[in-house]
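J.: Just so you know, the protein sequences line up as chains A and B, in that order.
For what it's worth, my numbering labels the leading residue of the first sequence as 1, then goes sequentially.
For what it's worth, my numbering labels the leading residue of the second sequence as 1001, then goes sequentially.
It is worth saying that the hints were derived from the structure and are not from the lab.
Don't be surprised by glycine CBs; every beta carbon is placed ideally from N, CA and C.
Take the hints with a grain of salt, since some may be wrong.
As the list claims (entries may be wrong) - To give an idea of the chain B side of the interface with chain A (calculated C-beta under 7 angstroms), a few residues:
| # | residue |
| --- | --- |
| 1 | I1034 |
| 2 | N1082 |
| 3 | A1086 |
| 4 | P1114 |
| 5 | G1120 |
Claimed, not checked - Incomplete in silico selection of chain A near chain B, CB under 7 angstroms:
| # | residue |
| --- | --- |
| 6 | G168 |
| 7 | N209 |
| 8 | L214 |
As the list claims (entries may be wrong) - Capping the alpha-carbon separation at 30 angstroms, the derived lysine-lysine pairs in DSS-like fashion look like this:
| # | chain 1 | residue 1 | chain 2 | residue 2 |
| --- | --- | --- | --- | --- |
| 9 | B | K1197 | A | K219 |
| 10 | B | K1087 | B | K1022 |
| 11 | B | K1075 | A | K219 |
| 12 | B | K1023 | A | K219 |
| 13 | A | K219 | B | K1065 |
| 14 | B | K1087 | B | K1197 |
| 15 | B | K1194 | A | K264 |
| 16 | B | K1022 | A | K219 |
| 17 | A | K264 | B | K1087 |
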Amino acid sequence: MNISLGSVSIPTKDIINSLIGAPIENDSWKYIIRDYRLPKAFTAILVGSGLGISGLMMQTLFRNPLAGPFVLGITSGASLGVALVIMGASFFGCALAGLFISKWGIVIAASLGSFLVLLAVLIVSTRVRDTMAILIIGLMFGSITAAVVSVLSYFSSAEELQQYIFWGFGSLGNLSWQELLILFSIYSIGILMSIISIKSLNTLLLGENYAKSLGLNLKQSRLMIIIATSLLAGTITAFAGPIAFIGLAIPHMTRLIFNTQNHKILLPAVFMFGAIVMLICDIIAQLPTSDYTLPINAITSLVGAPVVIWLLVRQRKMIF
Amino acid sequence: MNAQNQHIVLKTEDLSIGYTSKKSKIVVASNINIELQKGELVGLIGANGIGKSTLLRTLTNVQPKLNGSMTINSKSLENYSNLDLAKTLSLVLTESLASKNLTVFELVALGRQPYTNWVGNLSEDDITKVDKALNHTNLSDLKQKKCFELSDGQLQKVMIARALAQDTDIIILDEPTTHLDMYHKAYVLKLLQKLAKETNITILFSSHEIDLAIQLCDKLIVMTDNNVLIDTPKNHIEQGNFKALFPEDLIIFDDNTGAFRVKK
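The task is simple: from the sequences and hints, build the whole structure.
T.: The structure is reproduced here in structure tokens:
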């Protein structure tokens, strides 16, 4: 259904034909389907499920319902990288600017930014034993990067600012098959690591001291969870921009619906649910039959936030 | 307990406990010589800040000892891997659960984690052991209840059942009776006594319920500023060890009733 809706309306029969490679009457339709709408749908699935799962792991690890991929500063790190490339380009001289401001430049910068922030958080987390402290430190890194971004935007030109803001809107549709393959391979590693972490995530529901008394290697499993989260959230942010809300809200919605805390059920449920919600948001963002496409970032919040509020009001309490 | 059943589960020799910082060592207590036999219920009593928690933390390998030796089943505590220790020693802590959105069964089943496979699937044997732990603690009816629906007393029972399901030789409980009313204090300690007898597990708990502990425990560890003594409650009373527990200006120990009373 996601594939069938877009700014250009294409008959269903031709969509199916173009998917299975049968000849259709309009070649540009085939192009739209195969190289635009199909990768976009895949991206939506990866983004929704990936962010949802990283949010789920963060909430369990930090024993905090407010945790999400944003709290570790991963997203802020990516933003900083992108801001440096787009707005800082003028500082580095015009010769390099052209090289930097390509799509790959942004992706690399975002990955590098989130990776560096992750590295800093990891180094700190080996020193600090308290998980709550790591959470606060992640938030502080977020504040620092936000401040640097503000300073940069103050000095940058209107065009650079606009380019940065466009990245900040988030986008699912800018990925080629090649980029999608890279996103998918890193995403797979992250998902694999989260599946390995299911048991330790369940043990962590008791609290860290109990988990330790159950023979869990706390440091190792914490590292595993943090790396998995960063891989998922970091690369997704790099390719699709900072997508708000999904990482925080999907795990809550899933918990409320399935009424369980068992990660063996939650992980696949969040995966499905994240993917579905993201696809729906994407459909809405397309404003079917119209020529406009809204920023996906706005849609995820506009659609998602009321749903969470409604769920919470109906259940009268946050289950965690 | 008859002679052939005698088996030392936990033993400390000249153990000293405390904290080390870069500059100095702070010794909380030293010369601790404790032997716990199989199937014994042992209470640990002492004033606030005397080092009960430090002792328990050291015995459970949460915090390193300063000196001396600790052995569990004749094997030095340092030689246990995390997982081996988890199969030998289980805990009930004072900290609250990270998540209360678990059913009683799920929570107790988490006690089986050291035995389950990489994804944590319960085998038939695991389920039998969990059910047994639930039966021992009279929780079978609450099995499908969520933990946030339980009272403090029920939750404490669930935590004890979880420790039981871990199938260990020793269970150590840190102040299991705090936040409970008088009835449930007695109930929990009585339950521990029953478990020690029926399952032959050694149970060590710290508590401020001295009069209850005197009545129910096989042995008591009395911690004072000067020493750490382990003996039967009867011998403690005869030797007047309880008198040294607190300053004598406010409450005194009455040998006849086996309880403290306020000075009038």
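J.: Any hints from earlier that this structure breaks? Give me their numbers in increasing order, please.
T.: As far as the earlier hints go, 1, 6, 9, 10, 15 are violated by this structure, in ascending order.
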